[in-house]
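Chemist: Chains as they are written, first to last, in the numbering used here: chain A, 1 to 331; chain B, 1 to 289; chain C, 1 to 299.
Calculated from the structure, these hints are not laboratory results. Some hints here could point you the wrong way.
As the list claims (entries may be wrong) - Calculated cross-link-like contacts (lysine to any residue; reagent style SDA-like; alpha-carbon spacing at most 20 Å):
id	chain 1	residue 1	chain 2	residue 2
1	A	K281	C	M199
2	C	K119	C	D207
3	B	K172	C	E74
4	B	K57	B	L34
5	A	K281	C	A237
6	B	K181	C	M199
7	B	K181	C	K287
8	A	K275	C	D207
9	B	K11	B	K181
10	B	K181	C	R71
11	C	K250	C	A237
12	C	K78	B	V177
13	A	K73	A	G17
14	C	K287	C	R79
15	B	K172	C	L54
16	C	K65	C	M199
17	A	K281	C	T70
18	B	K181	C	K250
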Amino acid sequence: MPVLEVKDLWVSYTRGGIRAYALRGINMSLERREVMGVVGESGSGKSTLGNAVAGLLPPNSIVERGSITLEGKDLTKMRDLFRVRGTGVFVIFQDPMTSLNPIMKVKDQLAEALQVREERESLPSPFIRWSRRRSLDNRTEREFLEALTRVRFRSPQEVLEKYPHQLSGGERQKVMIAMAYILRPKVLVADEPTTSLDVITQAQVMKMLLSLREEQGTAILLISHDVMLVSKLSDRMMVMYGGMVMEEGSSEELTKSPLHPYTKGLQASVPTQFKGEGRVKQIPGYPPNIFSMPQGCPFHPRCEMAMEVCRKVTPQESRRGEHNVSCHLYG
Amino acid sequence: MSLYRNVRRDKTLMAGLVILVVIVGLTVISATDLRLLTSYSPYSLNFSASNLPPSAKHIFGTDQEGRDVFTRVLAALPVDILTPFIIVVASVLLGGLVGVVAGYLAGLVDEFLMRITDLFLAFPGILLALAITEILGQSHVSLRLLYSEVALIVVGWPVYARLARGQVLQVKNMPYVTLAKVSGLSRTQILRRHVLPHLLPLLLVYSTLDMGAVILNYSVLAFFGLGAPPPTPELGRMVYDGLSALPQNWWSSLFPALIITIIAVSFSLMGDGLRDALDPTMGERYARA
Amino acid sequence: MVEVRDLTVSYKVKGGTLNAVDGVSLAVRKGETVTVVGESGSGKTTLGMVVLRLINPTSGQVFFKGEDITRLGEGELKRFRGRMQLIPQDPYSSMNPRLRVGEIVSEPLLGREDREKVKEALNSVGLDWAVMERYPHELSGGQRQRALIARALVSDPEFLVLDEPTSNLDVSIQAQILNLLLDLQSSRNLTYLFITHNMAVAKYVSDRVAVMYRGRLVEIGDAKEVMSNPLHPYTKALFDAVPEGDFRAKLRELEVRDEGRQKGCRYSDRCKFVRDQCRLREPDLLKVKENHEVACILY
Numbered sequence: 001m002p003v004l005e006v007k008d009l010w011v012s013y014t015r016g017g018i019r020a021y022a023l024r025g026i027n028m029s030l031e032r033r034e035v036m037g038v039v040g041e042s043g044s045g046k047s048t049l050g051n052a053v054a055g056l057l058p059p060n061s062i063v064e065r066g067s068i069t070l071e072g073k074d075l076t077k078m079r080d081l082f083r084v085r086g087t088g089v090f091v092i093f094q095d096p097m098t099s100l101n102p103i104m105k106v107k108d109q110l111a112e113a114l115q116v117r118e119e120r121e122s123l124p125s126p127f128i129r130w131s132r133r134r135s136l137d138n139r140t141e142r143e144f145l146e147a148l149t150r151v152r153f154r155s156p157q158e159v160l161e162k163y164p165h166q167l168s169g170g171e172r173q174k175v176m177i178a179m180a181y182i183l184r185p186k187v188l189v190a191d192e193p194t195t196s197l198d199v200i201t202q203a204q205v206m207k208m209l210l211s212l213r214e215e216q217g218t219a220i221l222l223i224s225h226d227v228m229l230v231s232k233l234s235d236r237m238m239v240m241y242g243g244m245v246m247e248e249g250s251s252e253e254l255t256k257s258p259l260h261p262y263t264k265g266l267q268a269s270v271p272t273q274f275k276g277e278g279r280v281k282q283i284p285g286y287p288p289n290i291f292s293m294p295q296g297c298p299f300h301p302r303c304e305m306a307m308e309v310c311r312k313v314t315p316q317e318s319r320r321g322e323h324n325v326s327c328h329l330y331g
Numbered sequence: 001m002s003l004y005r006n007v008r009r010d011k012t013l014m015a016g017l018v019i020l021v022v023i024v025g026l027t028v029i030s031a032t033d034l035r036l037l038t039s040y041s042p043y044s045l046n047f048s049a050s051n052l053p054p055s056a057k058h059i060f061g062t063d064q065e066g067r068d069v070f071t072r073v074l075a076a077l078p079v080d081i082l083t084p085f086i087i088v089v090a091s092v093l094l095g096g097l098v099g100v101v102a103g104y105l106a107g108l109v110d111e112f113l114m115r116i117t118d119l120f121l122a123f124p125g126i127l128l129a130l131a132i133t134e135i136l137g138q139s140h141v142s143l144r145l146l147y148s149e150v151a152l153i154v155v156g157w158p159v160y161a162r163l164a165r166g167q168v169l170q171v172k173n174m175p176y177v178t179l180a181k182v183s184g185l186s187r188t189q190i191l192r193r194h195v196l197p198h199l200l201p202l203l204l205v206y207s208t209l210d211m212g213a214v215i216l217n218y219s220v221l222a223f224f225g226l227g228a229p230p231p232t233p234e235l236g237r238m239v240y241d242g243l244s245a246l247p248q249n250w251w252s253s254l255f256p257a258l259i260i261t262i263i264a265v266s267f268s269l270m271g272d273g274l275r276d277a278l279d280p281t282m283g284e285r286y287a288r289a
Numbered sequence: 001m002v003e004v005r006d007l008t009v010s011y012k013v014k015g016g017t018l019n020a021v022d023g024v025s026l027a028v029r030k031g032e033t034v035t036v037v038g039e040s041g042s043g044k045t046t047l048g049m050v051v052l053r054l055i056n057p058t059s060g061q062v063f064f065k066g067e068d069i070t071r072l073g074e075g076e077l078k079r080f081r082g083r084m085q086l087i088p089q090d091p092y093s094s095m096n097p098r099l100r101v102g103e104i105v106s107e108p109l110l111g112r113e114d115r116e117k118v119k120e121a122l123n124s125v126g127l128d129w130a131v132m133e134r135y136p137h138e139l140s141g142g143q144r145q146r147a148l149i150a151r152a153l154v155s156d157p158e159f160l161v162l163d164e165p166t167s168n169l170d171v172s173i174q175a176q177i178l179n180l181l182l183d184l185q186s187s188r189n190l191t192y193l194f195i196t197h198n199m200a201v202a203k204y205v206s207d208r209v210a211v212m213y214r215g216r217l218v219e220i221g222d223a224k225e226v227m228s229n230p231l232h233p234y235t236k237a238l239f240d241a242v243p244e245g246d247f248r249a250k251l252r253e254l255e256v257r258d259e260g261r262q263k264g265c266r267y268s269d270r271c272k273f274v275r276d277q278c279r280l281r282e283p284d285l286l287k288v289k290e291n292h293e294v295a296c297i298l299y
């Protein structure tokens, strides 16, 4: 059974009295130990999907239809969503500066995480919980050091005492991953975790994420606009545009033989040639704003293969070999 | 949700604006020719008509000396509006200047100016104003008004210095200022074009809100006799004068106090509304997906 | 066109001084694109800022078309300002939200308002001149970046510093902007100093590539040469880290080493090929081939 399943999810945002759909009928399933990549640009809805799974949708959004099931439990119907957060679904954001409390030392942040996990694993009496909170005993400290070592901090002891602003961006992300080691979530949503980091640090962070998957069987939802990164790191990937899934399948398949014009366009947009050796093929136009989404297929204004039907009818998902594609060329 | 804000903003701004227009109108007329508004004199004593309760003839009643309270209120308006106005304008100019200089020049200048600002900020406003005016005002009763103005300015400017400096610092570090430097704009040009426009709306909003507070503060000073010398009527002083007549004659203290409150509140409402109205990105702000 | 010699920019920090740029010498010839690559903290942005004299160098010299502009005051620099412009990284915070686009684009004209020039600049970046009346928040990221490019062009510059101009943009927009920049370079004979940490972008736009690490220039040369044949261990690590080929295998082999304080070569702490000699002194740039220089003891 997949650890996470999203069925026909529709999420809307309301702004200034106007309602627009950020997600339009998303279907997705994630197995244990699997890395699923979600690729998209602005307005694609990829971050909304991540937030929805984590239960972090802002107050002006509604889940209009569909379900998000974590190990059988429908998250959209739950009242106390906080119980799921941390040990069920954990999130790593682009800028950890906002997810790490700037006035708490690293060890206090980790302690908080540990506390959450222990409370969920067993329900000790309030007294035990309270006394645990008070003491940072040997056993706990050892666990922190271990987690920090797993993310390859050279001197974990020092790091424990540091504040977030004393760490670099990459180091903060590593602290977040250390938290994931402690929390042992079933699903980890990584929303643009390395976008603001340089290449080498990015590689390091990605290595940690894969280790997390190896060692704890965590399922990872990797959200990014970096097509290359996602295609190389994930087992399966889905390409989103205008709130819909355009194409979905194994990463290898999608990279070798993409079907959807948008997927092809995205891949072509990344330069692989040297200066003077030909131009990068660009997709014309701009990504859509969800408040002014075109009729029919959201991509048709920018698609060079657009047909009459694309302007009017929203394409349905159809299966081609190992892929799922939503395009009138194929269905 | 945005719809709710629009309505609220409108009502707030409108309410405050309407009340203020009425008051300012009355003030202007009163300052030019009081007789246009009332047949009574704010000065002449008429003991036969003293302590009369509010009626059709005397809307706010009369005080202990037989003077029509409503007339006195109208006569007091010019002083009670103009004085706080002068105080706020002076505070803004002084504080704004200090803040901009400190923020823009930074370094030692900044440190120096800010320490001075902190010094003044540390004093409890009203008490300081009272103290200054008392000490200075002992000698020259007629100059008391001037001294109380000065005292309130002394107490009022530091806030604007902080405000201005904060804004300047914020804008100074923005990429578009760096870009302006690259394009060759001089310091003054950058100040005029980028810094000041960001600053002025904020100062406007804050000073409008401040007017309310200054009016109250000034009324307190007037209450203690540290405002305009008699026989010029003053709302704060009127409250004081009316105290000895309580509890039978409640109107000669209450109405002046009520008017003070209404004026102060209307300034606050307008300040609130101004703040919302002046932001060009209102309602359009969105985060990147 | 632009040259820096032995440039150093020092900052005082807790525990001593930090050289954001440390003894860098670099020349950019007319019409070419030199791309400076490196991680955050490498000093590449600082270098760009110094070249434009937005930051003052602690030591060394900056030349513009042969003239020494290192010590010139703001007044004297004015005549250079029109000729060298900046295209910034963040199109969102680089525009004053209270000004209209037209005013922003015409700013470099310093009051000599010229609607025609603004229109022409907007056209050349593919924007409808009606955009002049809009406010920044009404434009998308891609449109804003185009407007910023138009702004840089309006004073007819010869030299542009481009500080990560596409890092905050969507991939499809990035492609558009890069193509636009290349077109503009050839049609207006512009010289670019391009700063980026994205290797694919660097590959696409550069004639020459300069690699910086913690303030120092560690490798420089012809783009094709350096990128197909990297010599410095850091350069190799950079290119290895790009998600290409069998990335998962590369990751498995990746060793993670933190930085520390060290003597001698500043990369020695993280270097795979480190030797004892490396800790003795900092290596200088050595010409290994006609168009390829490296600062490493291995050569």
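Chemist: Does D207 (chain C) sit within 20 Å of K275 (chain A), going by the straight-line distance between their CA atoms?
Modeler: holds (7 Å)
Chemist: Holds or violated: K11 (chain B) and K181 (chain B), Cα atoms, limit 20 Å.
Modeler: violated (42 Å)
Chemist: Is K172 (chain B) close enough to L54 (chain C), meaning Cα to Cα at most 20 Å?
Modeler: holds (13 Å)
Chemist: Do the alpha carbons of K119 (chain C) and D207 (chain C) lie within 20 Å of each other, as the hint requires?
Modeler: violated (31 Å)
Chemist: Straight-line Cα separation of K281 (chain A) and T70 (chain C) no greater than 20 Å?
Modeler: violated (41 Å)
Chemist: Going straight from one Cα to the other, do K181 (chain B) and K250 (chain C) come out at no more than 20 Å?
Modeler: The hint is violated at about 44 Å.
Chemist: Against the 20 Å threshold, does the CA-CA distance of K181 (chain B) and M199 (chain C) hold or violate the hint?
Modeler: Violated, at roughly 30 Å.
Chemist: Are K181 (chain B) and K287 (chain C) close enough, with their CA atoms no more than 20 Å apart?
Modeler: Roughly 37 Å separates the two Cα atoms, so the pair is violated.
Chemist: Do the alpha carbons of K172 (chain B) and E74 (chain C) lie within 20 Å of each other, as the hint requires?
Modeler: The given pair, whose Cα atoms are some 17 Å apart, holds under the 20 Å limit.
Chemist: Does M199 (chain C) lie within 20 Å of K281 (chain A) when you go C-alpha to C-alpha?
Modeler: Distance of about 18 Å is within 20 Å: holds.
Chemist: K287 (chain C) and R79 (chain C): Cα distance at most 20 Å?
Modeler: With Cα atoms ~36 Å apart, K287 (chain C) and R79 (chain C) exceed 20 Å; violated.
Chemist: Sort out whether R71 (chain C) lies within 20 Å of K181 (chain B), counting only the CA atoms.
Modeler: Holds - the C-alpha atoms of R71 (chain C) and K181 (chain B) are around 17 Å apart, at most 20 Å.
The earlier numbered hints that this structure contradicts are 2, 5, 6, 7, 9, 13, 14, 16, 17 and 18.
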